[in-house]
Every structure is written in C-alpha cells, then in structure tokens.
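Following the hints, complete the assembly by docking chain E onto the known chain V.
Spelled out from the first residue to the last, the chains are:
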Amino acid sequence: MTTAVLLARIQFAFTIGYHFLYVPISLGLGLVMVLAARRYRRSGLETDRAGAELWLKLFAVTFAVGVASGLTMEFAFGTNWASYSRFVGNIFGAPLAAEGLLSFFVESTFLGIVLFGKTRISTRLYYASTWVVFGAAVFSAFWILVANSWMHTPAGYVVEDGRATLTNIWAAIFTSSLAPRFVHTLVATFMTGSFFAAGVAAYYMLKRRHLEFARKAMTTALVVALVTSVAQPFIGHWHALEVAADQPVKIAAYEGVYTTGSHVPLSIYGWVDEDGQHPVSISIPSGLSLMLGLSPGKVVQGLDAVPPEDRPPVQILFQTWHLMIAVGLLLAVLALGGVYLLWRRRLEYSVWYLRILTFAIPLPVLACVLGWMTTEIGRQPWIVQGELRTADAISTNVAAGQVATTLSIFVVIYALLFATWLQVVRRTVRKGLVEVSPPSPEEERKKLVDADRERLLALPGFAGTAHLERLASSRRTGETSSTRPRQDAPEDAEKEGS
Amino acid sequence: MTGLQVAWFVVAAALVAVYAILDGFDLGIGVLEPVLARTGEQRSMLHGTVGPVWDGNEVWLIVVGGVTFAVFPAVYASVLSGFYLVFMLVFFGLIFRATALGLHSGGAKGSLGWRAAFWGGSLLPAFLLGVVAGDLIRGVELSSTGDFTGGLGSLFGPFAVAAGVLSLAMFVNQGAAWASLKTRGELHARAGRVSRLTGGLLLLVFILMGVYAWQAAGAHFSDLIARPLGWLAMALAAGGILFQEGSSWLGHDRHAFLGASAAVVGLVGIWAVGTFPDIVRASNDEASSLTVASASASPNTLVAITVIGAVGIPVVAACAFLAYRVFRGRVDEIDGGY
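As they're listed, the protein sequences go chains V and E.
Per our numbering: the first sequence ends with 502, consecutive numbering throughout.
Per our numbering: the second sequence ends with 341, consecutive numbering throughout.
Keep in mind that a hint or two might mislead.
[Said to hold, decoys possible] To give an idea of the interface, some chain V residues facing chain E are shown, with a C-beta separation under 10 Å as derived from the structure:
| hint | residue |
| --- | --- |
| 1 | F91 |
| 2 | A101 |
| 3 | L105 |
| 4 | V110 |
| 5 | F114 |
| 6 | L115 |
| 7 | R124 |
| 8 | Q406 |
Please keep in mind that the hints were generated in silico from the structure rather than gathered at the bench.
Positions of the beta carbon are idealized from the N, C-alpha and C atoms, including for glycine.
Isolated chain V, as found in the complex (with noise of 0.2 Å):
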C-alpha cells in the first residue's frame, strides 16, 4: 500500500470514524426527546416541559456537531476517492442525493422551529415538529446505509467501459445486507440513547437533584435499555448470517478460520496467532458451525478460500468483532440489572450500580465504533465488494503531502470541537432543569386586564381610556393599567392553554 492510499484511508477512517461518535448519540437522544415531548404533552406538567428540553437542547448540540462533521463527508467521496466516485457515481451519489433531498431539509426546518419557534407555533406543532426531526434523522439513516450496504453486497448494475451502470434501481437499494444493517445499527443508536438518557437520569439521583424527572427519566430510558440490549445479539446474529451467505471471508477473519472446515470453534476471547494460522481463544466447541448452521458438521469457509492478496487483516478484525460482542453483552447485564433494581424498588439507593451507569454512557458509542470497524475493515481489500479495490479508488492527483496536511488540521479542529461539545454537554447536565415557576394569581389578573385592552382597542372607532380605567378597577387589581405598554399575546399564555 503506498503512502498516499494509506494517508487517504486513514483520513477517511478517522474523519467518519469522528462523524460517527456524534450520529449514535444524536439518533439516540432523538428517540429519548420524542419520548420526553410526549409524556409532556400528555400531563402538562412544568417538570415535564422542562425535561423534555434538557433532552431537546442535548440532542441539538450533539445535532450540530453531526451536521458540521458530516457536511465533510458528503464531499470526501470527490476529494479523496476520485476514481471511486468514477467508478461508482452512477449508483452511489443517488441515495446521497436523495438522503439531502429528501431527510435532511426536513429534519432542519423542524429542529429551527423546535429550537427557535418555541414561542411562534403551538404545543401540538411542537410535538410534531420533534417527531418530524427524528423520523427525518432515521430517513437519513437509511439512506445512508444504503449506499453503505452496496459497497459490501453490490447488485443491479454491471460494469461497462470501466463504471458500474445502474441496471436496476430496486435491488441496488435494497441489497442483501440492508435490511439486517439498518436494524441492526438502528437498534445500536436506540441503545445509545437509552444509556445515555440512563447515565445523565443517574447523575441526577446520586446527586439528589431533580429526582421526580430523574425517576420517569430512569424508568423509560432502563425499559428503552433492556429491549435493545437483549434484542440485539439476536439481531446480530441475522446480520452474521446474512454476511456468512454474503462475505464468508469476512466471518472467517472475524473467528480466525484459516481453514475450511466443520466442526469450527466459536472464540469467546483471545488473539489469533497469525503466523501459526489459528486463534489462540478461550472457545466453545463447533461453536461457529453450530451458530451458522445449526449443527456441528455445518462447513464454515475458511481464508484459505481467497487467496492471501484478498484477504481483509485477521488481528484487528478478531479483537473488535470480540470487544463489540463483550461491551453489547455487558450492556444488556447492565440494562438487566437496572430494571431488577428498579423492580425492587431499590435503584435510587444503590448508588455504586448509579455510578456504574454514569459511566457507561460512552460505551454504547465504543460498541457502535467497533461494529462499524469489523464491517468496515472486514471489506477489505475492497472498497466496492469484489469490483473495486480500495487500493484503486483514491484520487490519483492529490498528493500525499497534501492528505497529511489536512488530516492534521482536521485532527486539531475536531479535537477542539470535541472539547467544546463536552464541555456544553456537562454544562448542559449540570445546569438541569430550567422550570418556570406558573405566574402568581396577581400576574393571572394583569393578564386578564390586558386582554380586556387589547379586545377594546381592537374596536373600531375605540378612543377612550376612561372606560378602560373603570373595567381595570373593576377587576379590582389595584392598579391602573392604562400606562402599560401593548403587549403583544404574551408567550406564558399560550402555553398554559395547552
């Protein structure tokens, strides 16, 4: 591999690796803001409202994070994978053109008026609006696993004069991997925010702050946990079948199968002794066979399949398909024990599982960066599975020197941009709810006068004050109100009518 492919791969990897921190996060946390928005709106309580925007705001900032880190994406295609944009442009830049089109206007529009309209539309439309910037968010999810899935199991094309030609548009969008991806990270971003939403819930209650919003906060976000977290193996082992039937060498590198055989280990942990062509693990028996076949005596396709030029790297694909397994595994204890505590009515007290889940806030991320490392990785060679090498699809007239250059300058804004977003984010946390106290019957009175004003000075041919003062009095506030300015519909209003 030479200096510049490397350089290419390693800014791309880190520049979707970093973009791909903040997308989990934001998926997540968009389900856990629909959610709070919803329990708002169904009891219209302040403490409700409140909590529905600590998630909102949560869910911006790491939005906007995700919107800056991504608009490089879209274009790195063109910038560093020149002859990869050639060869694949006629399939891959319509579902990009079409996650634009389609999710990302929309998912913008609704998350302004969510954050900025707050005043200008009603509760109902607000409500709205979120479901709107969450669907939007997982539309584009999809579309974006959909150009992702062509590049591991291509189909409705063929290859003329050296380009991939769109044959049929239907079976290039919905290839074999899709659906078993989509699901399957989908799942991975709901865990996220669940844990994320866990995490921040048990801040609250070890520090005895907030603990009414904490406590439904907790409740949902362990219920959202345990569902995903214990249906996601199941969901992963779809999608190990799927790429079993689809890139067997994958799996093979996964477990460290050199040889084609039956009666394959499944490892549970250790390394893959490379030059002895087999892992060194703590294993289960025909583990392997028996998981993709059902049977001990199912053959599993070993690397000796391909040969070695077109095998992806075993070492690292072995650790971070093991790690992802682990930490998923873990979290789904975590979720368990969590809703057990919550069943026994012991959760607020037992402060080291609390801690524990404050920690755990980042490795659902951990486990989503892994996940997309051993797909990733697991192409390798390949950039377009079996049509393209990765080798082959770098833009040849960017020099290296060039590619250094900017991987370093986006090593240092990211890094500072991360700062920044953790730090709003603590910030954010530490602050908690912003509850408006609701307005003391003496403001209830001032604001019944000042409707009084406004509906007579609406009237045509209205000139007096005198009647106004009289009305004032009557409402017996004390007060003359006629030197108080016109008020537009003031905003408390509005959202106490709802």
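Same frame as chain V, but now just chain E:
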C-alpha cells in the same frame, strides 16, 4: 445531449443559485459582524437573524454536492479532487462557523476567539467558492481522464482571485441586505447604510470583472454575449443591484433584499449560461472538457434521480417556505437556542 441532462444542468445551477442566496446572507452576516454589531446585544440580534435557518441554508450546499455526485459524477470527482485544498479550507471554515453558531449561540457571550472563528469561517467560503467559479470560467488544465494537472498555484491566478473578490462582495451585500431586513433600531439603520455601500461596491466589481473577463476569459465571454439568456442574466445582475439601491433609499427593505437576491441569480446565471455545455472547461484541450453530455450519469440513473427529485424538490420547497414563514418578521432578541 439529452433533455434530461440539460434539465439537470439547469436544476443544478438553480440549486447553486439558491445556496448562494440563502447561505449567502448568513455568510455575509458572518463577514460583516464586526462592522455591523457594536454591542453584545446587537451581536445577539444579528445571530438571531440567522439562528433558526443557517443549518438549513448549509444543507443546500450538501444537496449541491449530492446532486452533482448523482447527476455529473465526473464533475464531482474532478472538481473536488482538483480543488482539494481549496475545498478543504471551505469545509474547515464552515465547521468553525457551525461550531460558533451551534455551540456558542447568543453571540453576546461568545469569546473573542469564537467571534474570530465565526468571522473567518464565513470569510473563507465566501471568497474561495468564487475562486473555484473563476477557475471553472477561465478553464483549467485537464488530463484525458479528467484529472486536474495544474498545481495549486495555478488555481490562484489573478482572474480566479478577482472572481473570489466578486463573490465575497456578493455574499457581503447579501448579508447586509438581510441584516437590514431583519433587525431593528440602530443596527437596522447601520445595516441599511452598509447595504447601500456594499451594493455600490458589488456593482463596481461586477463591471470591472466584466471587462476583465472579456480580456481574460474570452471563450466564456463570447458564448455569454452570443446568447439571449446571457444578456438576461447580466441584466438581472445589474438591474438587481440597482433595484436594491433604489429600494434601500426609499426604505423598502424587503424589495432591497429581493433585488440583492436577483443579482445573485444573475451572477450564477452568467456562470451557467456562459459555460454551457461545458461544466469544467479544459484550457489545454477543448476535447477534454467535461460537458453536460460527457460528464453525465447513465440514462437509468438519470431517471432514478429524476423520480427522487420530483418527490424531493417539492418537499424542500415546502420546508423552506415553512421555515421562512414561521420566522418571518424582524428579530427582537433570540427566543431560543442550541
């Protein structure tokens, strides 16, 4: 050259124009912030004019990228790799801006460093996107595979730099017109004065640039003046600025902004009409140029993307309408934030 190819060239040019109008005003606001806002309160008001919409405005750039990739993949590959460092600087600028706006909104509280990031992050794209346009108009050296062969220095020739100045003037003028439309009080009065100044400046640069292009970018210029649409685009650019100036004197802020936006459409139109049917003009060998026909995706892809566009473009228009309707009127203070 098929009808669909031409139609998508028109759509792509229209997307560029809308991007330049919308992100134009918020990049312009960024560049003008030190001039317009004297107090924290005024900075806050200025941020409030772009707060709810800047993110949506930048989405237009993303869509320009996505649509170009889908419809003219050869252009996407050549231009982005050819202008590698230029585009990277544009992205770094936009990332800084997004951070300054998204994580430090309420500008009043923003530290000097973040204010500088907002300013510089707005200035870089406003200037560099014009440099790219200038190079495309003048032509670049292309290999037979469509790769740029000139070095980085060749992208910053005097003509490209002049085009960068023109685009900077255009974005700044757009920002001033927007500030004058959306603010109140002292800031509003100052924005009005500044917008009349930037309008005059834009007209001056535009005329000088016309003379320069006649000398330096002959191929583009002669195609432009040979086509009725070219004259229409030039009239729109000049007329838009004059209309903006007149309306601003009379205090019609809305008309002034429309005039400035019409000028943007005219300027983008001048690029599109003059360059057609080339998209990337090869200065060394006319046959290597990437044209609407040679750079386009295959017919099946064009049909697929046309279906996506037929659903998507109305959605986009509806969103833009909704956003600008909900946030119509002048800004008093920010009533929300990240």
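Comparing the hints with the structure gives:
1. F91: 9 Å, holds
2. A101: Hint holds; A101/V Cβ to chain E Cβ min 4 Å, cut 10 Å.
3. L105: Check passed: Cβ of L105/V comes within 3 Å of chain E, closer than 10 Å.
4. V110: Because about 6 Å separates V110/V from the closest Cβ in chain E, which is inside the 10 Å limit, the hint holds.
5. F114: 8 Å, holds
6. L115: Interface hint status for L115/V: holds (7 Å vs cutoff 10 Å).
7. R124: Since chain E brings a Cβ to about 5 Å from R124/V, closer than 10 Å, the hint holds.
8. Q406: Status holds, d = 6 Å.
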